[in-house]
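Residue strings, one per chain:
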Amino acid sequence: MTTPAFVFDPQRFLKNGAGGHGRHLGMRYHAHGPDWTEMAMPYDPRLIGDPDSGVIASGPILSMMDMVTSMSVWLKLNGFRAHATLDLRVDYLRPATPGKTVIGHGECYRVTRSIAFVRGQAHDGDPDDPLAHVAGTFMAPEGYF
Amino acid sequence: MLPPYAETLGLSVDAEDATGCTLIMPYANGVLGRPGFLHGGAISGLMEMAAIVALRRALAEEGGGRIKPINVTVDFMRGGRDKLTYGKGLVTRLGKRVANVEATAWQDDPAKPISAARMNYLILRD
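Residue numbers (our numbering), protein chains in the order written: chain A, 120 to 264; chain B, 136 to 261.
These are calculated hints, taken from the structure and not from any lab test.
Take these hints with a grain of salt, some might be off.
[Stated by the list, open to error] Computed footprint of chain B on chain A; a stretch qualifies when at least three of its residues, placed anywhere within it, have a C-beta under 8 Å from a C-beta of chain B: (1) 159-171; (2) 204-215.
[What the hints assert, rightly or not] Anything over 12 Å on all C-beta distances counts as not near chain A; from chain B, calculated: (3) D149; (4) T154; (5) A193; (6) E196.
[Unchecked claim] Think about it this way: if two alpha-carbon atoms lie no more than 20 Å apart in a straight line, the pair counts; the simulated DMTMM-like pairs of lysine to aspartate or glutamate are: (7) K247(B) x D206(A); (8) K203(B) x D169(A); (9) K203(B) x D210(A); (10) K203(B) x D171(A).
Note that the coordinates shown come from a computational prediction; the quantities given were computed from them, not determined experimentally.
All C-beta atoms in this analysis are idealised placements derived from N, C-alpha and C, irrespective of residue type, glycine included.
Using the sequences provided together with the hints, build the complete structure.
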């Protein structure tokens, strides 16, 4: 496996490349490390799933977790690869607090030739009090290496 | 009936389906992921909304109640292209406290889903 040495920068990627759905839901870059990425999604009435309580829907959280886990694979590999989500499982541990920004943390913990395994959590201020937990896999049709 | 998030995705109820449990999501920039393809999160959002619509209808027949999502597992089978996407929810079991719901999303042919999901919901009966 030899891949051109270029570093994946999620901050730049999200600034220039990630329009569409992520921008539509108001997500932005928050932080990253060697095998993880974080995005932030400020509270927005357009995301509400339960008008009585003002709690945002589960869908936007899943969208954010899909994006942060996807980018975590490119960080672990230190380069971009075309891939697609194979499956994603989300446990909704508690409702997001209305008014608070949701932070999504995605981590890639294993990459094989064609499959990447990811996990992550979402919280709204305190990482020790997560509101969602996610596990999933991505697949690279051309292979990761 | 549909919450603000459903409007954000551009969802509407498919009048052609008599069960009322099918939603339609138009192709738009706001639901796009990588260029030319729907975002997996938008497809999942469509299916979660369809699941909730189906569950609300089933629950209403039994006196109503509140629902809380416990979890969702989504399989992505095909890329979503530049056309309408349909999402349909199906309640496979409505228990006293928990409901099992399935949802699929398709574009041309319901027999060729682009994605499928399985959800558990907590039920707080009125």
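Whether T154(B) stays farther than 12 Å from all C-beta atoms of chain A, as the label says
holds (21 Å)
Mind verifying the non-interface call on A193(B)? Its CB should be farther than 12 Å from each CB in chain A.
holds (18 Å)
Is the coverage entry for the region 159-171 of chain A by chain B consistent with the three-residue Cβ rule at 8 Å?
holds (count 7)
Do at least three Cβ atoms from the region 204-215 of chain A come closer than 8 Å to Cβ atoms of chain B?
holds (count 9)
Is the Cα-Cα distance between K203(B) and D169(A) 20 Å or less?
holds (10 Å)
Exclusion check [D149(B) not at the chain A interface, CB over 12 Å]
holds (18 Å)
Holds or violated: K247(B) and D206(A), Cα atoms, limit 20 Å.
Holds, because 17 Å separates the two Cα atoms, which is no more than 20 Å.
Given the hint that K203(B) pairs with D171(A), does the C-alpha gap stay at or below 20 Å?
With a Cα-Cα distance of about 13 Å, the restraint between K203(B) and D171(A) holds, given a limit of 20 Å.
Just to be careful, I want the Cα atoms of K203(B) and D210(A) compared with a cutoff of 20 Å; is the pair within it?
holds (12 Å)
Would the least Cβ to Cβ distance between E196(B) and chain A come out above 12 Å?
holds (21 Å)
Of the numbered hints listed earlier, not one is contradicted by the structure.
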